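There are 2 protein chains.
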Amino acid sequence: MAQKGDLLSVRHDIRVVDATIRDGGLCNDFRFDDKFVSDLYKANNKAGVDYMEFGYKASRDFFSEDKFGKWKFCKDEDIRSIVGDAPSKTKIAVMADVGRTDFENDIIPKNESPIDLVRIATYINTIPAAVEMIEYCAKQGYETTINIMAVSKARTEDIKAALNILGQTPVSAFYIVDSYGSIYPEEARRLADMYGEIADKYNKLVGIHAHNNQQLAFANTIEAMTYGASYLDATVDGMGRGAGNCSLELLLGFLKNPKYKVYPILKIIEEHTSKLKAQGVKWGYDIPYMLTGQFNTHPRPAIQFVKEDRGDYFNFANELYDIINS
Amino acid sequence: MAQKGDLLSVRHDIRVVDATIRDGGLCNDFRFDDKFVSDLYKANNKAGVDYMEFGYKASRDFFSEDKFGKWKFCKDEDIRSIVGDAPSKTKIAVMADVGRTDFENDIIPKNESPIDLVRIATYINTIPAAVEMIEYCAKQGYETTINIMAVSKARTEDIKAALNILGQTPVSAFYIVDSYGSIYPEEARRLADMYGEIADKYNKLVGIHAHNNQQLAFANTIEAMTYGASYLDATVDGMGRGAGNCSLELLLGFLKNPKYKVYPILKIIEEHTSKLKAQGVKWGYDIPYMLTGQFNTHPRPAIQFVKEDRGDYFNFANELYDIINS
Numbered sequence: 000m001a002q003k004g005d006l007l008s009v010r011h012d013i014r015v016v017d018a019t020i021r022d023g024g025l026c027n028d029f030r031f032d033d034k035f036v037s038d039l040y041k042a043n044n045k046a047g048v049d050y051m052e053f054g055y056k057a058s059r060d061f062f063s064e065d066k067f068g069k070w071k072f073c074k075d076e077d078i079r080s081i082v083g084d085a086p087s088k089t090k091i092a093v094m095a096d097v098g099r100t101d102f103e104n105d106i107i108p109k110n111e112s113p114i115d116l117v118r119i120a121t122y123i124n125t126i127p128a129a130v131e132m133i134e135y136c137a138k139q140g141y142e143t144t145i146n147i148m149a150v151s152k153a154r155t156e157d158i159k160a161a162l163n164i165l166g167q168t169p170v171s172a173f174y175i176v177d178s179y180g181s182i183y184p185e186e187a188r189r190l191a192d193m194y195g196e197i198a199d200k201y202n203k204l205v206g207i208h209a210h211n212n213q214q215l216a217f218a219n220t221i222e223a224m225t226y227g228a229s230y231l232d233a234t235v236d237g238m239g240r241g242a243g244n245c246s247l248e249l250l251l252g253f254l255k256n257p258k259y260k261v262y263p264i265l266k267i268i269e270e271h272t273s274k275l276k277a278q279g280v281k282w283g284y285d286i287p288y289m290l291t292g293q294f295n296t297h298p299r300p301a302i303q304f305v306k307e308d309r310g311d312y313f314n315f316a317n318e319l320y321d322i323i324n325s
Numbered sequence: 000m001a002q003k004g005d006l007l008s009v010r011h012d013i014r015v016v017d018a019t020i021r022d023g024g025l026c027n028d029f030r031f032d033d034k035f036v037s038d039l040y041k042a043n044n045k046a047g048v049d050y051m052e053f054g055y056k057a058s059r060d061f062f063s064e065d066k067f068g069k070w071k072f073c074k075d076e077d078i079r080s081i082v083g084d085a086p087s088k089t090k091i092a093v094m095a096d097v098g099r100t101d102f103e104n105d106i107i108p109k110n111e112s113p114i115d116l117v118r119i120a121t122y123i124n125t126i127p128a129a130v131e132m133i134e135y136c137a138k139q140g141y142e143t144t145i146n147i148m149a150v151s152k153a154r155t156e157d158i159k160a161a162l163n164i165l166g167q168t169p170v171s172a173f174y175i176v177d178s179y180g181s182i183y184p185e186e187a188r189r190l191a192d193m194y195g196e197i198a199d200k201y202n203k204l205v206g207i208h209a210h211n212n213q214q215l216a217f218a219n220t221i222e223a224m225t226y227g228a229s230y231l232d233a234t235v236d237g238m239g240r241g242a243g244n245c246s247l248e249l250l251l252g253f254l255k256n257p258k259y260k261v262y263p264i265l266k267i268i269e270e271h272t273s274k275l276k277a278q279g280v281k282w283g284y285d286i287p288y289m290l291t292g293q294f295n296t297h298p299r300p301a302i303q304f305v306k307e308d309r310g311d312y313f314n315f316a317n318e319l320y321d322i323i324n325s
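Top to bottom, those sequences are chains B and V. The letter at position 45 of the first sequence is residue 44 when you use numbering that gives the first Met the number 0, and the numbering goes up by one with no holes. The letter at position 90 of the second sequence is residue 89 when you use numbering that gives the first Met the number 0, and the numbering goes up by one with no holes.
Hints are supplied without guarantee of correctness; some may be wrong.
Since the list can't tell identical chains apart, any single copy or any two copies may satisfy a pair.
Straight-line distance between alpha carbons at most 20 Å, and here's what the computed SDA-like set of lysine to any residue pairs gives [what the hints assert, rightly or not]:
no.: 1; residue 1: K274; residue 2: F313
no.: 2; residue 1: K266; residue 2: Y320
no.: 3; residue 1: K281; residue 2: M0
no.: 4; residue 1: K3; residue 2: N317
no.: 5; residue 1: K306; residue 2: E269
no.: 6; residue 1: K138; residue 2: G83
no.: 7; residue 1: K276; residue 2: V305
no.: 8; residue 1: K45; residue 2: F313
no.: 9; residue 1: K260; residue 2: I323
no.: 10; residue 1: K34; residue 2: Q278
no.: 11; residue 1: K159; residue 2: R59
no.: 12; residue 1: K3; residue 2: K69
no.: 13; residue 1: K200; residue 2: K266
no.: 14; residue 1: K159; residue 2: R30
no.: 15; residue 1: K276; residue 2: K306
no.: 16; residue 1: K69; residue 2: R30
no.: 17; residue 1: K45; residue 2: D311
no.: 18; residue 1: K34; residue 2: E269
no.: 19; residue 1: K159; residue 2: D75
no.: 20; residue 1: K258; residue 2: L7
no.: 21; residue 1: K69; residue 2: D311
no.: 22; residue 1: K260; residue 2: N317
no.: 23; residue 1: K3; residue 2: E186
no.: 24; residue 1: K88; residue 2: P257
no.: 25; residue 1: K266; residue 2: R240
Don't read these hints as lab results, they were simulated from the structure. Remember, it's a predicted structure, so these values are computed and weren't measured experimentally.
Just chain B, same shape as in the assembly (with noise of 0.2 Å):
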């Protein structure tokens, strides 16, 4: 394994992903008020983030546009309202969940559309479903990548299949996600080793999307960035399901191309994402996310212990052991 660059070095094939409005969206059912939106996008454009994405574009066959807001659906014509037609230096991403995505009917031409890039998120057993829409979207116009989801449940071997297949698409990137926050630096690097030996062969990059159950979002972030990742996903005050993610200020902090400034984030923690916490939002690091990512699973159990404003971290162990034994 080799490393790239060392820690003086501007990298220029990083891409830093702000994941907030859609994985943040998880804590909130995607209900934040436009001026939140707005004032992120313009702070993301300051800040040199290159990619902010929006929301999903989920299928209203699946869900209620009642029960969620409105970047569960990143209309065009909602994401516009918020951008504007002027030109902007941060591109705009969406996430399309394969299965639940009714992508030929709701994702149109790029030139008629302000997203630049669809990120589809796949589970390893469902590529075929991913291929066909990678192509899809990129015969519409749109760059994509692919994130294929909970891999530190997956197989050496599915992982390497898969990606000897997504290599012959059309697709940007391979995501590393690591849905259960159960990864450590060690594994961090020897996957972006791993998927980066199949990205060079195809010509394509690596990615990676964290979460902070173990404390080791940024951690892993970054290392994996060493050993060759590109895309690199965070969000705001590290906001998004249960333990959240690597937070967009730690990395912008980190990075070394002056064109990344940490300073315009800050206002954003400052002026929104505190607020959202002192309603009652909750993410973050706490013991019961803890104990899900050590035992590598889903965070659910974790999530409702919070919900329900639970202390008894002993007992949730011994539940929670009985969970996934059951």
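Fit chain V to the known structure of chain B by using the hints.
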């Protein structure tokens, strides 16, 4: 650089050091109730923790007993009232600051004391005074370690010179101390390798004491470990000055030696540290600590900011720039 072991190895050189009362005492002036300290001692024994640090052996010429709780001074009789006389698996440690310890009076012969290990804390410029203390404590019969603080501000050639002097003393281990929480995993590995090379020459071990300013305390601890460190400092719920430390529960959940168990520590969080937090004792990752970490500077202004319940992060970052450059 070579890894020592992999993610499934049991490393018999590992010593987990619980520093909750000592580093955590900096958050509440060492005012822990006896039940906390006693429960923690029992939990550490059950959890397989190798050492429990009870506090400082501070000189009463420098610090008043009216202003601080008893664990600032760690009188032998106070420790004995917690641990009794029965032999236990967890050994007892105290910290002694170079220049602020009346060691010739306060550190009595080991055979009259419950203390096993004296951890001598020094800056790079007071190594000769540290050597004097190591030799004194060793002569009294104690194990010793040397904690060279603020390593991120020390020059490599000075660190090497210091370690070569310390190698000739009876000290057991050289500690990497990231006082400002500013080092990255890549640097933790490099420091572990550099300390380890000199340690090997003198048959010493290496330790790491990390701070969580950039959410890297756990990552840096396990990375330094993977590249050779044996003494690993951690605290319950990361309790410690400012952003706090490596969380003991994260570390115990990571280690593979079956003697280490996380469950007893969950009980301590549930019954003690959660309550301290609810009572308003403050520690843990927060934006101002992130900034002092990124700036590689003492957390003092950040501690003040948090104490004052300020939320204007942008102004703080701006002020910090002036504080550091004035």
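Against the structure, the hints come out as follows:
1. K274 - F313: between (31 Å within a copy, 15 Å between copies)
2. K266 - Y320: Answer is between; shortest inter-copy Cα gap is 16 Å, intra-copy 41 Å.
3. K281 - M0: neither (38 Å within a copy, 41 Å between copies)
4. K3 - N317: neither (42 Å within a copy, 32 Å between copies)
5. K306 - E269: Classified as between: cross-chain Cα gap 17 Å, same-chain 24 Å, threshold 20 Å.
6. K138 - G83: neither (25 Å within a copy, 75 Å between copies)
7. K276 - V305: Classified as both: same-chain Cα gap 14 Å, cross-chain 16 Å, threshold 20 Å.
8. K45 - F313: Cα proximity of K45 and F313: across copies only (14 Å, versus 45 Å in one copy).
9. K260 - I323: between (42 Å within a copy, 19 Å between copies)
10. K34 - Q278: within (16 Å within a copy, 35 Å between copies)
11. K159 - R59: Classified as neither; 34 Å inside a copy, 64 Å across copies.
12. K3 - K69: neither (39 Å within a copy, 50 Å between copies)
13. K200 - K266: Neither, since 42 Å and 50 Å both go past 20 Å.
14. K159 - R30: neither (38 Å within a copy, 55 Å between copies)
15. K276 - K306: Result: close both inside a copy and across copies, 13 Å intra and 19 Å inter.
16. K69 - R30: Classified as within: same-chain Cα gap 7 Å, cross-chain 50 Å, threshold 20 Å.
17. K45 - D311: Intra 43 Å, inter 19 Å, cutoff 20 Å: inter-copy only.
18. K34 - E269: within (14 Å within a copy, 39 Å between copies)
19. K159 - D75: neither (35 Å within a copy, 60 Å between copies)
20. K258 - L7: within (14 Å within a copy, 41 Å between copies)
21. K69 - D311: The answer is neither: 36 Å in one copy and 30 Å across copies each exceed 20 Å.
22. K260 - N317: between (44 Å within a copy, 13 Å between copies)
23. K3 - E186: Classified as both: same-chain Cα gap 17 Å, cross-chain 15 Å, threshold 20 Å.
24. K88 - P257: Only inside one copy: K88 and P257 sit 15 Å apart there, 52 Å across copies, limit 20 Å.
25. K266 - R240: neither (22 Å within a copy, 26 Å between copies)
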